[in-house]
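Could you put together the complete structure from these sequences and hints?
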Amino acid sequence: MRLLLAGLALLLATPVWCAEIPSDAGVSDGKTMAPQIIVNSGRLEWAPYKRDFTRWLTLSYQDRRATPEPTRFAMKLPLAGDKARGKALAWEWCITCHTLPGDEWPGNVGSPMVHYKQYKHADPLIFQQIFDPRIFNPNTVMPAFGTFGLLAEQDIRDLVAYLQSIE
Amino acid sequence: MKTLSFLLAALLASATLAQDIPYREYEPFERYEPLVSGDLTLSGTYQYWKDPANLDYRLAGNPDENWKLNWKFMDPPFNQAVHGGHFAVDRGERLFKQLDVYGNFASCLSERTGSQQNLRAGYPRWRADLGHVAGLEEVIEHCGAKQGRVLQNGSYDNSAISLYLASLGNGQPINIDVSAGPMKEAYDRGRRLFHTKAGAFNFACASCHTHNIGKRLRGNVITTIYGDAAHYPVYRTQYMLQSLQLRFAECNLDTRTQPLRPGSQPYTDLEVFVTALTNGYPISVPAERDW
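These protein sequence lines map, in sequence, to chains A and B. For the first sequence, my numbering puts the final residue at 168, and the numbers step up evenly by one. For the second sequence, my numbering puts the final residue at 538, and the numbers step up evenly by one.
Don't read these hints as lab results, they were simulated from the structure. Even for Gly, the Cβ is constructed at its ideal location relative to N, Cα and C. You may find that some hints are simply not true.
[What the hints assert, rightly or not] Which bits of chain A does chain B cover? Going by a derived footprint, with three or more residues having C-beta under 8 Å, they are:
1) 33-41
2) 47-55
3) 118-131
[As the list claims (entries may be wrong)] DSSO-like cross-link-like pairs, simulated, lysine-lysine; straight-line CA separation at most 30 Å:
4) B:LYS462 x A:LYS88
5) B:LYS431 x A:LYS118
6) A:LYS51 x A:LYS32
7) A:LYS121 x A:LYS84
8) A:LYS121 x A:LYS77
9) B:LYS462 x A:LYS84
10) A:LYS121 x B:LYS462
11) B:LYS431 x B:LYS393
12) B:LYS462 x A:LYS51
[As the list claims (entries may be wrong)] Simulated restraints, written as ranges between beta carbons of each label pair:
13) B:GLY461 x A:SER29: 35 to 45 Å
14) A:TRP92 x B:ALA392: 21 to 31 Å
15) B:SER354 x A:TYR62: 25 to 35 Å
16) A:ALA123 x B:LEU377: 51 to 61 Å
17) A:LYS121 x B:ASP424: 51 to 61 Å
18) A:ASN138 x B:LYS344: 33 to 43 Å
19) B:PRO269 x A:ALA123: 43 to 53 Å
20) B:GLY461 x A:LYS121: 26 to 36 Å
21) B:ASP311 x A:SER29: 21 to 31 Å
22) A:LYS121 x B:PRO420: 54 to 64 Å
23) A:ALA48 x B:SER354: 33 to 43 Å
24) B:SER354 x A:THR72: 49 to 59 Å
25) A:TYR120 x B:PHE276: 20 to 30 Å
Structure representation (structure tokens):
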């Protein structure tokens, strides 16, 4: 009986949709693999990809992990952001969708960031928009950079400093 | 003791119930028609590419406008100095004839008749022998294995055979029936999956290909999902020869989502959905696409 109870307790302690990578995912040794096509071969090779995505949700039906829910983050003032570093981050993370000054072939999925200073948004508001924009618009396509662990708090502070500096 | 066991059982049941529904996000707007002209209510670009023989090549030469042709100007008779897709067709033909010496490879592929001209237009389809809906590439792997030939789903040789079979049906409209049975179930699952957000950026396929068609991601312009299945497997300059399901894997990688293996059920459901949105559009292979 004691053994049975211990077993049940163990079962309860293990979440059913634990953070397991589904078996139909292209993963080897816990790392994201990319398919490699070999000409004139009947075999599909898999090589380690330059980035690892195993910690995020896949499209697999076996994937029982949950999407991180919309999260509020109360940014504490002062901003203390480095706008030069923010610019470098913006050219890495934002430029595909948003138009930034100086880009000659800009994206336009997101709103343009040129003359951003004129909007006079409060720093915490811009911070929240980058950290998790789903708070303002649940149907947004903008990634939640903070909630999904893509950018650290200081990174977002730097981005806000850069955006607020765009004349 | 009885109370304790009951309590534990109740706890277990509630835990399982709660855990059955993990939090998911979906892109809204699921209004599609399983017919290529349905694009008229999505992107409206169908008017520019509906007639492959009559494309307006002035649009093709303009980097601001060429996306409106849904890249159909790189379908045959594109033939810009014969691209790698043509070599793949030759390779596919050779392999097919090797495997089909006694006619059982072709009959395995089409289950009954052995007429290969209609194969591509009618896949994915329900396969009674496999017990599920399967894409053509999965069936090629299955039928190759019966003869001891390794033709992994997504491999060059597998896609080459698939491309050769598609080339036999060139000009024939894609025609899969998703109105009932397991095909309808697969279509519905695929449509739902198309709108399911996943990955580091929390993107669904629909985040771009339903809601942001015609917008720019720097040098790329997002195009419609209608009409895309007609030119697969496709020759792509970076991947050589790519099946539709490997394209999904690449899409996943590009949007920072862990890809799945070709032949997995989610990818097959997506293939059913995407192919149904090409219903009525003629097969055009071998085609080339950039990147």
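Report task. State the violated hints by number, sorted upward, taking the hints as numbered earlier in the document. Result -> 3, 5, 14, 18, 19, 21
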